[in-house]
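Asker: Could you build the full structure based on these sequences and the hints that come with them?
Number of protein chains: 4
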Amino acid sequence: MTEIEIGGSKRGRIAYSFDDIALVPTRRTRNPEDVSTTWKIDAYEFNFPIMAAPMDSVVSPEVAINYGKLGGLAVLDLEGLWTRYEDPKAEFKKIISAKPESVTEVLQQIYAQAIKPELIKERIKEIKSAGVIAAAALSPRTVVQHSKAVIEAGIDIFMIRGTTVSAEHVAKEEESLNLKKFIYELEVPVIVGGCVSQQAGLHLMRTGAAGVLVGFGGGAAHTTSDVLGIRVPMATAVADVAAARTEYLDESGGRYVHVIADGSVGKSGDISKAIAMGADAVMMGSGLARSTTAPGNGKHWGSEAIHKDLPRGQVVDLGVVGTLEQILFGPSTSSQGALNMVGALKKAMATTGYSDLKELQRIEVVINAAKA
Amino acid sequence: MTEIEIGGSKRGRIAYSFDDIALVPTRRTRNPEDVSTTWKIDAYEFNFPIMAAPMDSVVSPEVAINYGKLGGLAVLDLEGLWTRYEDPKAEFKKIISAKPESVTEVLQQIYAQAIKPELIKERIKEIKSAGVIAAAALSPRTVVQHSKAVIEAGIDIFMIRGTTVSAEHVAKEEESLNLKKFIYELEVPVIVGGCVSQQAGLHLMRTGAAGVLVGFGGGAAHTTSDVLGIRVPMATAVADVAAARTEYLDESGGRYVHVIADGSVGKSGDISKAIAMGADAVMMGSGLARSTTAPGNGKHWGSEAIHKDLPRGQVVDLGVVGTLEQILFGPSTSSQGALNMVGALKKAMATTGYSDLKELQRIEVVINAAKA
Amino acid sequence: MTEIEIGGSKRGRIAYSFDDIALVPTRRTRNPEDVSTTWKIDAYEFNFPIMAAPMDSVVSPEVAINYGKLGGLAVLDLEGLWTRYEDPKAEFKKIISAKPESVTEVLQQIYAQAIKPELIKERIKEIKSAGVIAAAALSPRTVVQHSKAVIEAGIDIFMIRGTTVSAEHVAKEEESLNLKKFIYELEVPVIVGGCVSQQAGLHLMRTGAAGVLVGFGGGAAHTTSDVLGIRVPMATAVADVAAARTEYLDESGGRYVHVIADGSVGKSGDISKAIAMGADAVMMGSGLARSTTAPGNGKHWGSEAIHKDLPRGQVVDLGVVGTLEQILFGPSTSSQGALNMVGALKKAMATTGYSDLKELQRIEVVINAAKA
Amino acid sequence: MTEIEIGGSKRGRIAYSFDDIALVPTRRTRNPEDVSTTWKIDAYEFNFPIMAAPMDSVVSPEVAINYGKLGGLAVLDLEGLWTRYEDPKAEFKKIISAKPESVTEVLQQIYAQAIKPELIKERIKEIKSAGVIAAAALSPRTVVQHSKAVIEAGIDIFMIRGTTVSAEHVAKEEESLNLKKFIYELEVPVIVGGCVSQQAGLHLMRTGAAGVLVGFGGGAAHTTSDVLGIRVPMATAVADVAAARTEYLDESGGRYVHVIADGSVGKSGDISKAIAMGADAVMMGSGLARSTTAPGNGKHWGSEAIHKDLPRGQVVDLGVVGTLEQILFGPSTSSQGALNMVGALKKAMATTGYSDLKELQRIEVVINAAKA
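As you go down the protein sequences, you meet chains D, B, X and W in turn.
Oh and the first sequence: position 310 is 310 in the numbering used here, straight run, nothing missing.
Oh and the second sequence: position 218 is 218 in the numbering used here, straight run, nothing missing.
Oh and the third sequence: position 198 is 198 in the numbering used here, straight run, nothing missing.
Oh and the fourth sequence: position 49 is 49 in the numbering used here, straight run, nothing missing.
Keep in mind that a hint or two might mislead.
The list treats identical chains as one, so a pair stands whether inside a single copy or across any two.
[To be verified] When the alpha-carbon atoms are kept at most 20 Å apart in a straight line, the in silico EDC-like pairs for lysine to aspartate or glutamate are as follows:
no., residue 1, residue 2
1, 308, 34
2, 89, 45
3, 180, 168
4, 308, 33
5, 125, 187
6, 121, 45
7, 148, 5
8, 308, 325
9, 40, 226
10, 308, 3
11, 40, 3
12, 358, 105
No lab work stands behind these hints: they were computed from the structure.
Answerer: In structure tokens:
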């Protein structure tokens, strides 16, 4: 860990975002038809390593079903509109049509409604009954209260997702969530995060999680750096947590915990970069918020934007670019990395000569001296 | 101190601004309710470590009283309009409504009026009589002349603030201010600065000051780099002077001099960054110039903008974002780090697992490879 | 090879683009009249080291003839409109007049037309019959199928050009092109690429190629970084492949393979930078797409923009700046490096004191701390 | 000289511009009244170290006289309009009113007129007769032909100024200028340049020159990097040539050759930065082109913009900011470093504690991690 002097005795590492790095083609090439993008976690196998993020602007029960049928894994946010409202159509409409200067207040008001346990069950069952793998997320604050409903509804993959989730939450007044005990007692695989350092990742892996999210929560327009002073350059964060995976693999005698890049994965090129840094899969928000069936209709917001007294994000208008299928498999009629995400990943692998995702993690990368 | 070759035998350090760095969450988290932002200097304790800067666009006697009642420390500029005019309402109006191309001349003209010792006393007494801690600032050039009036009025905390204040001012013709002697003889705690290097900071600490300001004077739109060629990247400067605090703590056998970041602290995220670099508190100008009761009504200027023959700053139109209380404690309906400053600091501490400001000084930081 | 830690155990080199570097004048100067820009490859000699790129917006058979008469080498794309359509006038018109939002689809549709072997022969013969050296390009995918027609038509210099061409293409289902065998059996000199690393370049040199293209395909507006995550900073790539040339020169007992910078050479200043990095010649696209006789009439696109399901480039409107002769030899009435490319190269050599291209490869360069 | 790997075996230094660096205040301060900006070269002493550049948009005979009376040294361009036209008023008007798209052609046409030796004499005598020190410049190409007229007219300081002037110009067909012999035989002090490296500077010092210009010619909008691929970050270049001064001081047994920063000195802050890098004085173009009496009336162009077949600069519209006196001595009503250049230099010296220019060369500087 090379640290640089900032001033006095304070030192820091240089940290890199996906924009700061790029993949380097090597001396070997392949055909895109000959590469595999298969991703397998626990007992489940998916055609591609792109999860749909638990955000109201990305995943509705309907989207989750379609996404599953296309071979991927979508995660429903159990603290979103679908568990607060029987039929959230009117609420979506209000958010989508709100003016920029008042949209934060609109969000704060709409999300003030309480979460209803019976809706949690209903939504999960709806997805399950369509025959696809059901995944859904709660934050650490609500997970104890609602997890029973989630399990009873027959969830396949459970996600605990917060801005930062630590294995060691220190609280004075209330009983803190004991992640290790909680995950051990659950009968389904759990994916947990975000975290951004090797040590934090290692601690989360020791809880028994099947996968760890790398990132700091948030949608495409999060303003964490302005508001909190915290910023997580993703290339460095993913590589750090991937190193924790290796450390834990040895420590545990062979348990492989998946590393999932959750943040700053917006363009197809970011997917191959995340995997090059050591990720097993990525979580995609903004890229999928642009489908014709996305609940936000091209508008996009994260849970950090709805915070009641300290919002740290905005509603951004991304626009609609194509169907979910076209976003994933093309054909692309754009050239901005917005369509044919899976095709682009295959092309990147083929061009650089790698035949599966695990191999691609070893690719050589360069650091751009100056961005573009 | 790692120096890099610039050319020939000239070398220099790389220096970092707050924008170049970011805090890194660790493996532990806390609840925002469980962290303390208390700041204590000399005999005085404050609820949060954010001082209101002695600038006419930020602090009036009325603002100073309100700010004190909210638990903070505001500093009145004793060389501003309030000590030059019995009722400066008309002057504020002229500045606020001046056109950009002529505003510098308007400032130069208005500030040409002489400072009145009786108004110095009156303003301080007004603040004192409201029951809050009274703090006010003079520059090194006028401090000898006016300090008697300040002390007599019963000031609690005295500030000597200039672009650069050195413990070793060399002058040919006039008697130079002997800072050490002057501070020793005063009966109130003195905060002095700005300074920007470890050595300069150490020399100021040796004068007996209770606190040292780190920075190079100036408001949000100072143009010191263009005009003088001088620029002070604040992250490096704060860390350097914090190192002087450690050095002086040892040398003095335990006297702890507070390090206050005075400059480039505009967004809530800058507060946690400053403390991460080693600051005990920050001085905030532009962030507080945006309150509904700010005397500049959203316009903002520093003392360097009024210089009669070499102005080095501008009047900037920041706009009004909320009440003073809302800026400090929320609730926020914005996502740009402009509201709920104290809440944001608490959230940053909680998310990264630190329970008080002294602990937060130890947090790990990263250097951004490229500013987003 | 100095690598830097990105995170965990992942490391990468810093890679530089032409914009990141600049030539440094030395203590000697010359007159522009006294320097030579002659470039000789195989049995052919050219007045200047600037090839015209095999792109439909740059080279038509007519342009190839004119360019040859001006002393340069133009390469015709044998997978472009001229071999798909007997008379592509209408197709060019459609592309040129298409709206930005639909132009990708227009390209995809027009380029869906099959390549006609008889047109391949016809176009090459047309160029040959004008008495200039004929050069033309195919991609690796079509080269086996069409090379016979190319050779029979009497091509002088043959180019195999793809996004990435490797000496070691691994394919499952179809017989892969054996570059080494293929080039050995051809009776004309072959230029092959792109490649971007020393090792990949070395492998291409071992195939018996007369020249190697450095780059990643693509026109002025390629979006490979966004779509695939792959980006090739050209200064580093050219220097790396130039190092392969030295390595191969030794290994082969004296065979000198030309290194041709193919990408990011748009302004005249980029030519001298490419040669400073070790290139023997450059391939120019956008710079020549701006001539009065360019087939795209100032609009410019690369083969990566026409891909049927994963386009990675756009049609950019560069505008027309002058005749082909004026672009090459001036006089210039602009100051942006768009006119008098050869004169600018001569001036750069004279000012820095070098008399031929081989010498210029040794010039000292600096890395710009920040791009102006 | 720390070099960094760019690729293969190619290496380069990182080079810094004035924007990349900044001065650091130290622990001592002074009063602006107590510092001296006196600059002495050969037998001549000036009140401030700012030369007015030999450019038609900056110095006319009338400006040269006024500038001299204000205590500075202005240099007349003897290849400009004043020696080509008896009364160039109409030509100035044409350039000033030309449209951006045709101005290069207008310049090329107007400057095609021949230089008249009798006008050279007349202009110098005009300046001399006003009682100020007369300085004028020729380029290396014309210096042999016209120097006799210059000397006969009684010039005080002679300047040989070109894009790059080397002590070792290699020419085939014509007799090359032998700088050493030429300068030795002249009876007046000679300032010669530009040069940009320690070695080139050292060679120029050995010619017997009294001063050496550091830079690459050109006005505020030169496009050398785009056109030629050559770029000279000034902070590094000045520091390198300053190192040559030390080397030559030793080698010559005590001859001190002045180093003059000629390029990128536009704002007052650039003056103190240039001196901090080791310059003895600066040459200012754009900053002085903005006076009410500047011949270009706020428009500005350099000799590289008029080149007949390879122009490398533009006419830029800087606007008028004040009288020549106000630009030099204030009072300033702006805050952008455009007015009160000498006052700003004094303030920079006072704030950082240095009392004369030679001392200021030793000041500590920082490298900005990111520009502003």
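Asker: Reference check for the pair residue 308 and residue 33, CA-CA at most 20 Å: within, between, both, or neither?
Answerer: between (49 Å within a copy, 15 Å between copies)
Asker: Give the relationship of residue 125 and residue 187 under a CA distance limit of 20 Å: within one copy only, between copies only, both, or neither.
Answerer: within (17 Å within a copy, 69 Å between copies)
Asker: Regarding residue 308 and residue 325, is the shortest C-alpha distance of 20 Å or less found within a copy, between copies, in both, or in neither?
Answerer: between (35 Å within a copy, 16 Å between copies)
Asker: Checking an output row: residue 180 and residue 168, CA cutoff 20 Å. Within, between, both or neither?
Answerer: This pair counts as within: shortest intra-copy Cα distance 10 Å, inter-copy 48 Å.
Asker: With identical chains treated as interchangeable, where does the CA-CA distance between residue 121 and residue 45 reach 20 Å or less: within a copy, between copies, both, or neither?
Answerer: neither (24 Å within a copy, 51 Å between copies)
Asker: Cα distance capped at 20 Å. Does residue 308 pair with residue 34 within a copy, between copies, both, or neither?
Answerer: This pair counts as between: shortest inter-copy Cα distance 18 Å, intra-copy 50 Å.
Asker: Go through the copies and call it for residue 40 and residue 3: within, between, both or neither, with a Cα cutoff of 20 Å.
Answerer: The answer is neither: 36 Å in one copy and 32 Å across copies each exceed 20 Å.
Asker: Between the shortest in-copy and the shortest cross-copy C-alpha distance, which are at most 20 Å for residue 89 and residue 45: within, between, both, or neither?
Answerer: So residue 89 and residue 45 fail the 20 Å test inside a copy (33 Å) and across (51 Å) alike.
Asker: Cα distance capped at 20 Å. Does residue 40 pair with residue 226 within a copy, between copies, both, or neither?
Answerer: neither (37 Å within a copy, 26 Å between copies)
Asker: At most 20 Å between C-alpha atoms: does residue 358 with residue 105 qualify within a copy, between copies, both, or neither?
Answerer: neither (44 Å within a copy, 35 Å between copies)
Asker: How do residue 308 and residue 3 come out at 20 Å by Cα distance, when the copy is not named: within, between, both, or neither?
Answerer: neither (38 Å within a copy, 45 Å between copies)
Asker: How would you label the pair residue 148, residue 5 (within, between, both, or neither) given a Cα cut-off of 20 Å?
Answerer: neither (49 Å within a copy, 44 Å between copies)
When the structure is compared with the earlier hints, violations turn up for hints 2, 6, 7, 9, 10, 11, 12 and for no others.
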